[in-house]
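Asks: Residue strings, one per chain:
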Amino acid sequence: MSTSSSNSSSNNIPDLQAIVDRVVAKAGKGEQIEAYVSRGGETAVRVYEGEVEHFVSAQSEGIGIRVIKDGRTGFAYAGTLDAEAIAEVLADARDNVAFGTPDEYAGLAEPDGVAQIPQKFWDDELAAYATADKISLTKELEKLTLGMDSRVRVEESNYDDGWGEVAVATTTGIRESGRGNSCYVSVSTLADDGDETQTGFSFSVGDSPKEFNLPKAAREAADRATRLLGAVKPPSKRTTVVLDPYVTSQFLGVLSSTLNGENVSKGRSFFADKIGETVADPRITLVDDPTNPLAYTATDIDGEGLAARRNVLIENGVLKMFVQSSYSARRTGTKSTGNATRGGFGGTPGVGCLAMQLQPGTQSQEELIKGVDDGVWIQMVQGLHSGVNPISGDFSTGASGMMIRNGAVAEPVREFTIASTLQRMLLDIVAIGGDIDWLPSRAVGLTLVIRDVTMSGQ
Amino acid sequence: MKIEGSMSTRENLVDADVLAKVLARGRSTGAEFSEIYIEDKRSTSAGLDDGKVEQVTSGRDRGAGIRVVAGETTGFAHTSDLSERGLLAAAEAAAAAARQGDGGVHKIALQPLLRHSVNNVRIAPSDVPKASKVALLERANAAARSIDGAIVQVSAAYGDSYKRILVANSDGVFSADDQVRTLFRVSVVASGDAGMQTGYDSLGHTIGFEVFDENDVEEMAIRAAKQAIIKLQARPAPSGSLPVVIKQGSGGVLFHEACGHGLEADLVGKGASVYRGKMGELVASPLVTLIDDGTMSGEWGAIGIDDEGHPSQRNVLIENGILTDYMWDFLRARKENRRQSGNGRRQSYADLPMVRMTNTFVTNGTEDPDDIVRATEHGVYVAKLGGGSVDTASGDFVFGMVEAYLIENGEITEPLRESNLIGNGPQVLKDIDLLGNDFAMGNPGMCGKDGQGVPVGDGQPTLRVKAMTIGGTAA
Chain A
1 MSTSSSNSSS NNIPDLQAIV DRVVAKAGKG EQIEAYVSRG GETAVRVYEG
51 EVEHFVSAQS EGIGIRVIKD GRTGFAYAGT LDAEAIAEVL ADARDNVAFG
101 TPDEYAGLAE PDGVAQIPQK FWDDELAAYA TADKISLTKE LEKLTLGMDS
151 RVRVEESNYD DGWGEVAVAT TTGIRESGRG NSCYVSVSTL ADDGDETQTG
201 FSFSVGDSPK EFNLPKAARE AADRATRLLG AVKPPSKRTT VVLDPYVTSQ
251 FLGVLSSTLN GENVSKGRSF FADKIGETVA DPRITLVDDP TNPLAYTATD
301 IDGEGLAARR NVLIENGVLK MFVQSSYSAR RTGTKSTGNA TRGGFGGTPG
351 VGCLAMQLQP GTQSQEELIK GVDDGVWIQM VQGLHSGVNP ISGDFSTGAS
401 GMMIRNGAVA EPVREFTIAS TLQRMLLDIV AIGGDIDWLP SRAVGLTLVI
451 RDVTMSGQ
Chain C
459 MKIEGSMSTR ENLVDADVLA KVLARGRSTG AEFSEIYIED KRSTSAGLDD
509 GKVEQVTSGR DRGAGIRVVA GETTGFAHTS DLSERGLLAA AEAAAAAARQ
559 GDGGVHKIAL QPLLRHSVNN VRIAPSDVPK ASKVALLERA NAAARSIDGA
609 IVQVSAAYGD SYKRILVANS DGVFSADDQV RTLFRVSVVA SGDAGMQTGY
659 DSLGHTIGFE VFDENDVEEM AIRAAKQAII KLQARPAPSG SLPVVIKQGS
709 GGVLFHEACG HGLEADLVGK GASVYRGKMG ELVASPLVTL IDDGTMSGEW
759 GAIGIDDEGH PSQRNVLIEN GILTDYMWDF LRARKENRRQ SGNGRRQSYA
809 DLPMVRMTNT FVTNGTEDPD DIVRATEHGV YVAKLGGGSV DTASGDFVFG
859 MVEAYLIENG EITEPLRESN LIGNGPQVLK DIDLLGNDFA MGNPGMCGKD
909 GQGVPVGDGQ PTLRVKAMTI GGTAA
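As they're listed, the protein sequences go chains A and C.
Just so it is clear: in the first sequence, position 286 is 286 by my numbering, and no numbers are missing.
Position in the second sequence counted from 1, then plus 458, gives you my numbering.
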């Protein structure tokens with residue numbers, strides 16, 4: 001989990017703006033330049049057995065410069081903002097231009113007239129929050145969690161906050177800067193019964209620490225671990241899965257690469273020629289909406305400095321559009337959808353969903369489980385990076401959770417896999433929960449029920 | 459950013475007397491230990507996709523991390539300002555973070571600098587023209603596309619890094635190492651009647667550009683392309699429990715997940731490992747001897763010193779099935795009053811060190827690998843594994859198979875689509891019933907733990923697990 005925020009708002013960090021303006025002003029004839037700088041800090045507190053195990057307090061900064069000439073792109077970065085290093089970075093980026101293949105679509109974003117939607121990304125209360133309070137909060141979370149159940153131990157209780165400032169400028173007229181901060185707490189649990197140990201976790205997010213719900217986080221972390229005690233390996237069969245909000249968020253995260261316009265144009269998405277077709281159950285409407293201030297990854301600009309916007313990707317099961325950066329848009333003859341992503345000053349923009357959300361249903365998780373005769377409630381998945389291939393669509397992950405029989409939660413199960421294909425799973429969704437959970441992730445969580453998934457166990 | 463006389467640069471990143479001052483400042487609030495880790499890393503990378511060299515990237519990361527330990531509490535701060543003023547400010551921040559009791563004046567006596575390197579770099583990547591690096595990408599692209607018209611997309615990436623590190627601590631440790639890494643990856647997409655499939659190959663070593671004298675990027679690209687083509691004909695993987703044969707050098711990740719993480723002393727110390735309290739006990743089939751070895755020259759996980767300044771070493775973790783040791787860093791070794799094992803590593807100067815693997819592998823058995831397949835009536839043959847992950851407390855772990863085949867009547871037959879395999883570490887280790895005599899190291903890995911990635915190697919001979927759950931969809 002990243003502690004730094006991608007949030008920003010316009011033109012209020014004068015010294016960073018001045019740095020990028022100076023770099024861009026050095027552009028020669030026929031040369032396009034983009035300069036991106038960021039500066040940030042983090043605090044991380046970890047508590048174990050009532051003591052501070054570590055306290056991290058750190059700041060970092062850096063610059064990345066992209067130079068484009070005759071369709072060729074060069075890039076360089078450095079983790080410092082001293083003037084000599086910046087001059088070296090620009091020289092390196094220029095030197096690197098010679099080695100790129102000319103690409104008629106290479107280029108920088110240009111202002112497109114889409115207005116930014118103002119949001120609040122900076123919380124003064126968080127910025128002023130005292131160190132001693134951060135530590136006592138982390139200790140409190142550990143204590144609350146231990147108090148939930150005598151079988152529970154806490155492996156670590158964490159408080160993390162971060163602040164960031166960014167500025168970007170281009171020879172094409174982009175000029176943006178802004179700042180944001182964010183914080184969250186998390187707790188990892190162990191539950192013991194004889195020789196057996198099971199694990200749990202949870203977190204709580206807020207604009208400032210006063211918005212944390214520590215008792216809820218403690219309850220969840222304890223329940224997740226204790227629920228699995230005595231879990232058995234289930235038999236293999238086809239069944240219905242009920243995905244916990246956190247698991248749904250991970251599932252959407254995997255799906256995002258299939259909706260990425262660059263992947264589509266390079267033949268890496270099975271959705272390539274499916275615009276206008278039904279690709280999901282008609283109950284499914286999927287939006288990418290970083291303008292929703294409730295989303296953890298909400299932002300007003302994308303990684304190229306264009307306004308972030310609400311995009312409807314799948315509507316009532318029909319595939320409507322892909323997300324684009326300015327580069328992928330030029331490749332495909334479309335327009336940027338404000339979906340350039342950026343991993344910081346050390347990388348160039350990519351394309352991706354920024355804040356995915358399924359249009360919620362109305363039922364609670366409990367009600368959804370009641371509607372399942374025979375299934376398994378998936379509390380955690382393991383190995384999304386190793387068993388899911390978003391190009392072929394093959395989907396297979398390790399899982400743990402609880403069996404569901406006649407609408408009631410039954411015995412705990414673990415050491416099994418669930419498998420299908422991404423294409424099938426979208427069509428096999430049978431219910432969507434109303435239990436939105438604004439997780440610290442690029443995709444919002446809610447309970448999702450999917451039929452006809454293969455469970456492999458004994 | 460040309461490195462002048464790159465590999466022969468021998469001056470320290472920061473003067474020894476400044477280091478001693480910084481370490482003393484770190485202890486100024488009463489802490490019993492302070493440490494400074496300084497890193498100066500230059501990297502070059504280049505990527506090709508869709509037939510075009512997208513861009514060459516030059517990177518520079520330089521800074522210092524300062525760690526202060528007072529009792530059970532660690533304070534940590536980092537800075538990209540390597541001036542005396544910048545380092546002292548970071549030391550003060552770390553000391554304040556670990557504040558305990560009254561301060562004191564400390565004098566730090568550093569030992570003579572220990573330079574320890576296990577790798578022999580013949581051709582420093584910084585001495586190689588960028589055009590030669592880019593040419594590798596174009597050759598790989600052309601080779602993959604030449605195999606079959608079904609290859610619809612190719613991407614390739616080249617990367618090198620030259621990282622100088624210097625570690626000093628208040629116990630007098632004063633060590634340095636220059637670490638070079640060279641990496642090449644190629645991935646392809648093939649398209650057929652039943653959709654798209656992917657193929658992948660990679661190589662990574664702690665040596666310089668000479669790595670490409672012995673490894674042909676065109677051969678790598680062709681291997682990746684053939685893998686994707688074969689998978690176009692693949693049928694769904696089975697669902698359920700079957701014997702699994704894993705090819706030499708492709709399945710070290712099994713041990714990395716099944717027991718490697720569980721043998722890290724930080725997790726053991728918190729009771730978050732299924733291997734806690736098992737020292738001296740039989741935890742695996744007697745066929746299994748598991749070693750973690752940071753000294754394997756040229757291998758991806760090789761390091762001269764770890765990121766706490768301790769020379770890397772060869773550690774026997776499991777011998778003939780019996781658990782003989784865990785892996786240790788400074789903090790956990792100090793707590794148990796024993797020597798650290800060269801396993802204290804961190805992603806960068808901005809991160810705290812913790813217990814990490816280096817090159818982790820199972821040594822040779824005696825079986826002919828072909829006999830292992832022949833002895834298997836019905837099962838799965840895994841020719842290439844992908845990544846994996848583990849819950850160390852329960853021991854449950856998964857890993858992906860990216861190239862796999864059915865074994866029918868002792869013969870390798872049809873290709874299978876990708877899926878995860880799942881097992882429980884201690885059970886799988888006991889279920890290894892055949893071990894080959896064809897040891898090989900595998901592809902370079904990037905191991906993630908607590909948000910930090912470090913390069914690791916793994917290896918194993920061909921082996922059989924008598925039963926594992928395969929997470930496919932076929933009955």
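Simulated from the structure, these hints should not be mistaken for laboratory data.
For glycine and all other residues, C-beta sits at the position ideal for the given N, C-alpha and C.
Some clues are possibly wrong.
[Stated by the list, open to error] Now the in silico label distances, taken between C-beta atoms and shown as ranges:
#1 A:E196 to C:D891: 22 to 32 Å
#2 C:D891 to A:D452: 28 to 38 Å
#3 A:G71 to C:G653: 31 to 41 Å
[To be verified] SDA-like, lysine to any residue: derived pairs with alpha carbons at most 20 Å apart:
#4 A:K233 to C:A925
#5 A:K29 to A:G71
#6 A:K139 to A:A115
#7 A:K233 to C:A933
#8 A:K233 to C:K924
#9 A:K233 to C:G698
#10 A:K274 to C:A652
#11 A:K266 to C:A925
#12 C:K588 to A:E155
#13 A:K210 to A:T43
Asks: None of the hints should be skipped; say for each whether it holds.
Replies: Hints, one by one, checked against the model:
Taking 22 to 32 Å as the suggested C-beta distance range, the pair E196 of chain A and D891 of chain C conforms, at roughly 26 Å. Checked against the given bound of 28 to 38 Å, the beta carbons of D891 of chain C and D452 of chain A, roughly 35 Å apart, stay inside it. Distance hint check for G71 of chain A and G653 of chain C: the Cβ-Cβ separation is about 33 Å, which falls inside the suggested range of 31 to 41 Å. The straight-line distance between the Cα atoms of K233 of chain A and A925 of chain C is roughly 14 Å, inside the 20 Å bound, and the hint therefore holds.
With a C-alpha separation of about 14 Å, the suggested pair K29 of chain A and G71 of chain A falls inside the 20 Å cut-off, and the hint holds. For the hint linking K139 of chain A to A115 of chain A, the alpha-carbon distance of about 44 Å lies beyond 20 Å, and the restraint is violated. Straight-line distance between C-alpha atoms of K233 of chain A and A933 of chain C comes to about 17 Å, which keeps the hinted pair within the 20 Å bound. Between K233 of chain A and K924 of chain C the CA atoms are separated by roughly 17 Å; this keeps the pair inside 20 Å, and the hint holds.
The suggested pairing of K233 of chain A with G698 of chain C holds, with an alpha-carbon distance near 11 Å, which does not exceed 20 Å. At most 20 Å may separate the alpha-carbon atoms for a hinted pair to count; K274 of chain A and A652 of chain C meet this at roughly 16 Å. For the suggested pair K266 of chain A and A925 of chain C, the alpha carbons sit about 40 Å apart, so the restraint of at most 20 Å is broken. Simply put, K588 of chain C and E155 of chain A have alpha-carbon atoms about 47 Å apart, too far for the 20 Å limit, and the pair is violated.
With a C-alpha separation of about 17 Å, the suggested pairing of K210 of chain A with T43 of chain A holds against the 20 Å cut-off.
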